[in-house]
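Number of protein chains: 2
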Amino acid sequence: MLQAAAAKAAAAAFLWTPGADSPSQHTLLHVTSPIIGLVEGLLTGETTVGDVLQRGDFGIGTLNHLDGEVMVLDGVAYQKGGEGKCRLVDPSEQTPFMTVTRWCPDVADTVQLSGRTEHSELLAEIEGHFPSQNLFYAIRVTGRFEGMRTRSVIKQAVDRPLAAVAKDQRVFELGACSGTLMGFWTPGYLGSGLNVPGFHLHFLSDDKTQGGHLLDCVALEGKVQIQALHSADTDLPQTQDFLAADLTRDPADDLNSAEK
Amino acid sequence: MLQAAAAKAAAAAFLWTPGADSPSQHTLLHVTSPIIGLVEGLLTGETTVGDVLQRGDFGIGTLNHLDGEVMVLDGVAYQKGGEGKCRLVDPSEQTPFMTVTRWCPDVADTVQLSGRTEHSELLAEIEGHFPSQNLFYAIRVTGRFEGMRTRSVIKQAVDRPLAAVAKDQRVFELGACSGTLMGFWTPGYLGSGLNVPGFHLHFLSDDKTQGGHLLDCVALEGKVQIQALHSADTDLPQTQDFLAADLTRDPADDLNSAEK
Chain A
1 MLQAAAAKAA AAAFLWTPGA DSPSQHTLLH VTSPIIGLVE GLLTGETTVG DVLQRGDFGI
61 GTLNHLDGEV MVLDGVAYQK GGEGKCRLVD PSEQTPFMTV TRWCPDVADT VQLSGRTEHS
121 ELLAEIEGHF PSQNLFYAIR VTGRFEGMRT RSVIKQAVDR PLAAVAKDQR VFELGACSGT
181 LMGFWTPGYL GSGLNVPGFH LHFLSDDKTQ GGHLLDCVAL EGKVQIQALH SADTDLPQTQ
241 DFLAADLTRD PADDLNSAEK
Chain B
1001 MLQAAAAKAA AAAFLWTPGA DSPSQHTLLH VTSPIIGLVE GLLTGETTVG DVLQRGDFGI
1061 GTLNHLDGEV MVLDGVAYQK GGEGKCRLVD PSEQTPFMTV TRWCPDVADT VQLSGRTEHS
1121 ELLAEIEGHF PSQNLFYAIR VTGRFEGMRT RSVIKQAVDR PLAAVAKDQR VFELGACSGT
1181 LMGFWTPGYL GSGLNVPGFH LHFLSDDKTQ GGHLLDCVAL EGKVQIQALH SADTDLPQTQ
1241 DFLAADLTRD PADDLNSAEK
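Here the protein sequences line up with chains A and B, keeping their order.
Letter by letter, the first sequence follows residues 1 to 260 in the numbering used here.
Letter by letter, the second sequence follows residues 1001 to 1260 in the numbering used here.
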């Protein structure tokens, strides 16, 4: 945890003025549905990617039947499928889980990486710039990488829990590449039912041919941008499967094994 | 848990059509800030009750410095203070924690109590009408009571954790009375950081002279109304105290001892 004095000083740059009626679109994390549904194998949502793009132009997620990894950058949704191809997502496609915001980083919080940076060092560097452990953050790293390991989950014929699906994930060793890491950091006090606690990052290469859920990387140079998010909303699915599901199991262990 | 078939049948009455841009105001639970702040003794918010009333006309909460219990009914906020008086709240007063919605119950889900009903029976009766354990519900019981026990927390001179404050709460034995129980039910999969899991009900007498956080009651007759809520939003406080707080402790035990 940051010391109180340091946090107070650093927090000044992140203050915002809430509107009278609704949270600012620029500081709102939108979670399509609680991630516990995905953990418990509810892989089919009724929300379209087009609906999600109306709520935010930056984010990550997956498609129905856990069909790969989704990256939303500058309002465009890309998918890295389990078969290895990267493609544009049609707005009519549906998703069981995405998280998005309107990208509007704090200029004061742009950080240039100082040289070769391992994955764990990169996360520590990013976290070191958070003025508080108690907010959400959107994170974007534009950089050149010595190497990158990503994964994509494989489209499922039948619903089954996320941890089981993740055991069959496709792993991609990208080698030297340039591109963007994007995603979010969620404070731990919200538990594991709503969203992935801590970091959750996906990658998309500059030429839009490579991507997926980040497993490991080594950055050679890069620019880190951070946007503090001061509010969150989530819809609860209307599907019969969600309404009838037993969601009483703690999803923390499954999320940790599937997402880290 | 309900059986799947029963849940699917019962759920039909609760389906709604989400708007293109934002969740329906009629199905939105608004949480002013995560309750873990209150649990950890952050008793001062910057949100006014007037701001909260713009987000909903039905709900419960407290005032800054944990000054009593708040009941919002038909767009009017009342406070039962620790000193025992019930009064109107001025919209300029501030709150560290409230939960509200726009009250719009499902007509099909109005239930007449069949006779003398103990507190535990009342909660079981209400829960028995939920089509799913996985949604939020707003709950309103208009009734005549043989007896009622409520509590109000006492305004604090200095910040201290909720469980410590609750040990000094004022308890009121109301005797025979008529009035309204109001509040919410929150699904357990969201943990204890955002809102009180399960039931959280306050009481306000018809003559607006009695009220507080419900501890126990015996209903003689009454009407139960239930409103399913399919989305939720929360703002994260901007106070320096919140940004600097250590919120890593699990609040479940403290919430259970303070609120049940």
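Calculated from the structure, these hints are not laboratory results.
Fair warning: this is a prediction, and the values are worked out from it, not measured in the lab.
Hints are not guaranteed to be accurate.
Said to hold, decoys possible - In silico negatives: residues of chain A with every beta carbon more than 12 Å from chain B:
1) Ser114
2) Leu229
3) Arg249
4) Asp253
Stated by the list, open to error - To be clear about the criterion: a stretch of chain A counts as covered by chain B if any three or more of its residues have a C-beta under 8 Å from a C-beta of chain B, and this derived list gives those stretches:
5) 133 to 141
6) 155 to 165
To be verified - Facing chain A, according to a computed beta carbon distance under 7 Å, are these residues of chain B, among others:
7) Glu1083
8) Gly1084
9) Leu1088
10) Leu1190
11) Leu1215
12) Asp1216
13) His1230
14) Ser1231
15) Thr1239
Positions of the beta carbon are idealized from the N, C-alpha and C atoms, including for glycine.
Subject >> Restraint satisfaction for Leu1215 (chain B) [CB to CB of chain A, less than 7 Å] >> reply: violated, 26 Å
Original post:
Can we keep the Leu1190 (chain B) interface hint, with Cβ of chain A closer than 7 Å?
Top reply: It holds, given that the least Cβ distance between Leu1190 (chain B) and chain A is near 5 Å, below 7 Å.
Original post:
Is the nearest Cβ of chain B still more than 12 Å from the Cβ of Arg249 (chain A)?
Top reply: violated, 9 Å
Subject >> chain B covers the segment 133 to 141 of chain A, three or more CB atoms within 8 Å, holds or violated >> reply: holds (count 4)
Subject >> Claimed coverage, the segment 155 to 165 of chain A by chain B - three or more beta carbons nearer than 8 Å >> reply: violated (count 0)
Subject >> Asp1216 (chain B) as an interface hint toward chain A, with CB separation required under 7 Å >> reply: violated, 26 Å
Original post:
Holds or violated: Thr1239 (chain B) as interface residue toward chain A, Cβ cutoff 7 Å?
Top reply: Since the shortest Cβ distance to chain A is 9 Å, the answer is violated.
Subject >> chain A contact restraint on His1230 (chain B) - CB to CB distance below 7 Å >> reply: holds, 5 Å
Subject >> Least C-beta distance from Asp253 (chain A) to chain B larger than 12 Å >> reply: holds, 14 Å
Original post:
Is the nearest Cβ of chain B still more than 12 Å from the Cβ of Leu229 (chain A)?
Top reply: violated, 8 Å
Original post:
Regarding the hint that Ser1231 (chain B) lies at the interface with chain A, is the smallest CB-CB distance below 7 Å?
Top reply: OK, holds: Ser1231 (chain B) within 7 Å of chain A, min 4 Å.
Original post:
Going by Cβ atoms only, is Leu1088 (chain B) closer than 7 Å to chain A?
Top reply: Constraint on Leu1088 (chain B) not satisfied, violated at 22 Å.
In summary, the structure is inconsistent with hints 2, 3, 6, 7, 8, 9, 11, 12 and 15 from the numbered list given earlier, while agreeing with the others.
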